[in-house]
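Engineer: Protein chains in written order, with my numbering: chain A, 22 to 132; chain B, 29 to 141.
Hint data in this document are derived by calculation from the structure and do not stem from the laboratory. There is no bait here: all hints are sound.
Computed list of lysine-lysine pairs in DSS-like fashion (alpha-carbon distance at most 27 angstroms, straight line):
| id | chain 1 | residue 1 | chain 2 | residue 2 |
| --- | --- | --- | --- | --- |
| 1 | A | K91 | A | K72 |
| 2 | A | K57 | B | K85 |
| 3 | B | K85 | A | K124 |
| 4 | B | K37 | A | K57 |
Listed next, with one range per pair, are the computed distances between beta-carbon atoms:
| id | chain 1 | residue 1 | chain 2 | residue 2 | range |
| --- | --- | --- | --- | --- | --- |
| 5 | B | P36 | A | G22 | 26 to 34 angstroms |
| 6 | A | T103 | B | L108 | 40 to 48 angstroms |
| 7 | A | R59 | B | M55 | 20 to 28 angstroms |
| 8 | A | S47 | B | G124 | 20 to 28 angstroms |
| 9 | B | F38 | A | G74 | 41 to 49 angstroms |
| 10 | B | Q50 | A | S51 | 27 to 35 angstroms |
| 11 | B | K37 | A | T129 | 22 to 30 angstroms |
As the structure is a prediction and not an experimental result, all values here were calculated from the model. The C-beta atom is built at its ideal place from N, Cα and C for all residues, glycine as well.
As a plain string of letters, each chain reads:
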Amino acid sequence: GQQVMQIPQYQHVQEGEDFTTYCNSSTTLSNIQWYKQRPGGHPVFLIQLVKSGEVKKQKRLTFQFGEAKKNSSLHITATQTTDVGTYFCAGEGGSNYKLTFGKGTLLTVNP
Amino acid sequence: NAGVTQTPKFRILKIGQSMTLQCTQDMNHNYMYWYRQDPGMGLKLIYYSVGAGITDKGEVPNGYNVSRSTTEDFPLRLELAAPSQTSVYFCASSGGGAGNTIYFGEGSWLTVV
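The following block holds chain B by itself, in its conformation from the complex (with noise of 0.2 angstroms):
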């Protein structure tokens, strides 16, 4: 019953440095979504995808990109690491259309320094 698995759970990036989130799910979702939270703060969507082959910009997409090439992962690059990314990044799934819940994953904690 894993959900929805994210890795690694914690990073230390130096600035300048690139790393890829790796995040699957085994319910057969056809929504994911990655959010970061900093501290104290709410969930901000970075991008999401409806299915595979699909992805869109959330409300801060800027030093990020993604892919979607099957239904199950969905991964989250890290260009050019900057402190400004010092946060923890959450991937979620849902099944989509009206009133799906998101699962989310444990979550990413990542530092730049």
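Chain A extracted, bound-state conformation (with noise of 0.2 angstroms):
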């Protein structure tokens, strides 16, 4: 079946450095999306990619989908406290429509 993963597992940063996770998926996807999730919260949606090569931009994060449609990255710009969370990729792939969720980034910023 269809596996997405997610690396770091975790990162700490001094605040105001760049913060980037990666997604790599086992099979070609047809839309990746993100996710972010607070301390003692719920996943909340931040972005869709569909395009090969596509590249979207959120204030200071920035969000890259793969040519190939198997891997994408977030990138955030001079992180800030309230940066801190997990970021979770999911992949949609096959013909379910079903979201494979990664494992999860855990970002914590040291202020």
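Dock chain one against chain two, each of which comes alone in its own frame, and use the hints as you go.
Structural biologist: Put into structure tokens, the structure is as follows:
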């Protein structure tokens, strides 16, 4: 079945440093979604990427979808303490439209 | 603007007890899901449903049952609770089809002692 691997599992940064999390799928995806879960909270949708090579930005967050539609990344520029949380990628592929979540990257930011 | 509502928020169960986690959504979504998240871990799909009367197993269905008698409701039943079922449970829904985003409930913290 489809597998989505996400690295790193944890990342600790100083406030102001950049952060990147990577997502790789075992199969070609029709789209990939990113979610953020604050500590003690629930996952909240951030963005969806559909096109090969697509790049989208949300303020300090930059999302990329690979040319082969099998990998994706989320980059945060100049992290802030409000960025703390777990970032999940979720890939959609196949005919059943079921999302497969990566295990997430927990980001902690030292002020 | 309720979205996905799940109850209870917190519950302590004794080993061998049973309980039902309730979930309802008001977005008229066809797809509903139950995930569990163990501390510091990712989301594991327990069961999902693509419409009323239709349910299917996810990755970790053992020890759980679901039903989907209406579009709005998707309760999760725990039979004979075990310590391994201590987790946070998230109900979620989506419109279904390609590219639909998933909306999560706020979670139910369950401890089995």
